[in-house]
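S.K.: Below are the chains, spelled out letter by letter.
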Amino acid sequence: MNAMRHIKGWLLVSPLLSVLSFFLLIPVGVIVMVSFWGSSEYSYYPAFQFENYQYLFTSKVTVSVYLKTLMFTAITWFFCLTIGFTVAYFLAFHVKSLTMQITLFLLCTIPFWTSNIIRMISWIPFLGRNGIANNTLQNWGWIDEPLEWLLFSEFAVILAFVHLFCLFMIVPIFNTMMRIDRSLVEAARDAGASGYQVLRHVIIPLSKPGIMIGSIFVVTLVMGDFITVRFMSGGQSASVGRMISNEIGLLQYPAASASAVVLLLTVLLMVGAMLRMVDIRREL
Amino acid sequence: MNKRGLSFYLLAIFFTAFVAFLYGPTLTIAILSFQGPQGGLTFPMNGTSVHWFHNLFEQQAVGDIWGSFRRSMSLGLIVMVVTVVVSVMGGLAFRHRFKGSSVVFYIVITSLIIPSILISLGVGILFNLLDWDVHWSTSGLGSQLTWTLPFGLLIMFAVFNRFDAAYEEAARDLGATNWQTLRHVVLPIIAPSLIGVALFGFTLSYDEFARTLLTAGSYNTLPLEIYGMTTSVTTPVLYALGTLTTCFSFVMIALFLLLAKLSQRKVSKSTQ
Chain W
1 MNAMRHIKGW
11 LLVSPLLSVL
21 SFFLLIPVGV
31 IVMVSFWGSS
41 EYSYYPAFQF
51 ENYQYLFTSK
61 VTVSVYLKTL
71 MFTAITWFFC
81 LTIGFTVAYF
91 LAFHVKSLTM
101 QITLFLLCTI
111 PFWTSNIIRM
121 ISWIPFLGRN
131 GIANNTLQNW
141 GWIDEPLEWL
151 LFSEFAVILA
161 FVHLFCLFMI
171 VPIFNTMMRI
181 DRSLVEAARD
191 AGASGYQVLR
201 HVIIPLSKPG
211 IMIGSIFVVT
221 LVMGDFITVR
231 FMSGGQSASV
241 GRMISNEIGL
251 LQYPAASASA
261 VVLLLTVLLM
271 VGAMLRMVDI
281 RREL
Chain L
1 MNKRGLSFYL
11 LAIFFTAFVA
21 FLYGPTLTIA
31 ILSFQGPQGG
41 LTFPMNGTSV
51 HWFHNLFEQQ
61 AVGDIWGSFR
71 RSMSLGLIVM
81 VVTVVVSVMG
91 GLAFRHRFKG
101 SSVVFYIVIT
111 SLIIPSILIS
121 LGVGILFNLL
131 DWDVHWSTSG
141 LGSQLTWTLP
151 FGLLIMFAVF
161 NRFDAAYEEA
171 ARDLGATNWQ
181 TLRHVVLPII
191 APSLIGVALF
201 GFTLSYDEFA
211 RTLLTAGSYN
221 TLPLEIYGMT
231 TSVTTPVLYA
241 LGTLTTCFSF
251 VMIALFLLLA
261 KLSQRKVSKS
271 TQ
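Same order as they appear, the protein sequences are chains W and L. So the first sequence is numbered by my numbering: it starts at 1 and just counts up by one. So the second sequence is numbered by my numbering: it starts at 1 and just counts up by one.
Treat the hints with caution; some may be incorrect.
Below, in silico cross-link-like pairs of lysine-lysine (DSSO-like), each with a Cα-Cα straight-line distance of 27 Å or less [stated by the list, open to error]:
1. K96(W) to K269(L)
2. K261(L) to K96(W)
3. K99(L) to K8(W)
4. K96(W) to K208(W)
In short, the hints are calculated from the structure, not lab data. All values reported here derive from a predicted model rather than from experimental measurement.
With the sequences and hints as input, model every part of the structure.
M.R.: As structure tokens, this is what we get:
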């Protein structure tokens, strides 16, 4: 009977495992393998050499690109967390009716199901040289000349990141907050805690799992991004993902693979550190 | 506690501003897509017209939009069906711990957090080494599944964690076989959530970009086509396309939510 249970489990999970084996595990294996291969101008050939890694680790570009990517990640994470927590807190604790909560929550999640590319393009009329932001500021007399750094800049990259990925922070935090026992909040109030103290000593600690899951999403999405950076910076800013996609464009697969392996290890280390603080299986 | 304090109003203002931030840009391009024929990419409006929408329906105006739309639509539906079936099976598997279940769980999490470019690159090289052609319906499909399946499975985890096993026990006590219990008790009860999984499967595939970039082959999906257009098209036709496909997404979301609501009502009626 016990063996039966294991077999049944494996049978049920086998379609899932086949898809992920062929399109996740084997491709990652292939990337690791090819990262040791050699390449000529137009092709690549089997070898076992460390040239790709050597080049990667001795290049000054690598360090600066990683620093820039980490900077994007840190700033995006900070804004997503601040906005995401505030929105989730408002929905979970200040909106009283469940119907209203669900409606407003859906309002926040619907953009998640629409196209990221379109949502990036949507910033052009807003941030462009003659865009709404510049015109408004000029009309108000705050600036004399249009600001050039609004669109196709690092500012635009971070704005788009926050715009695209905020939802990944709101959803898990809201989910965790909805499961906080309301009597704990009342107990704290009865014991004389102020609104701020309730937030600081009851709600924030109990929301930590949601905050962690949201952070994992935001950090991994920004670390691996290559489209937002390219589009919103007008091709002027670099990131690790872009570096890899450029190498792919030049058909330098071994070099791209080595960069990808290093990126994957970096992301896994960051996620591993965050996972130590929360047991995700318990949070579902 | 019933009296709404200052903090409520401050937070409500913050929330409203956030929603404006979320939807404002999309609304802006929706308005601008009605630019007159001479209009540009920014305000002011140079007259109003449906010129740019009209432009979309002219074959020669811009790439192969309708072909890519059809491909995205088919791919979305395939991904949707596979995601629902595989996620339900996976969800059922994880109801009881089995040997190695935590390994499978971590593979699923990896699939979710792995930078998309690794999937694109890895699948691309794999197909290259095997001497297979990349095509949206093979390598593209598989790559998208690595993104939709984890979401589907996580939803199923949440569903089964809240599932009351008493219904199943009752069915078994009445002599139902395992299959009958699943078919007539479990599946009808979880049906509304399955519509949620289907919504994720379809929309995430329909808009997917990063994992399909190197794996779709020579026939583009719609997001890839739009991305290609951003570098060459500098007229509001881009906005018209964006508005149209966003509207399409909204219609699909509304449809799924409506279906979920209807089946929810059916379930709560039949379990009372």
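S.K.: Are any of the numbered hints broken by this structure? If so, which, sorted upward?
M.R.: Hints that this structure does not satisfy do not exist here, as all of them hold.
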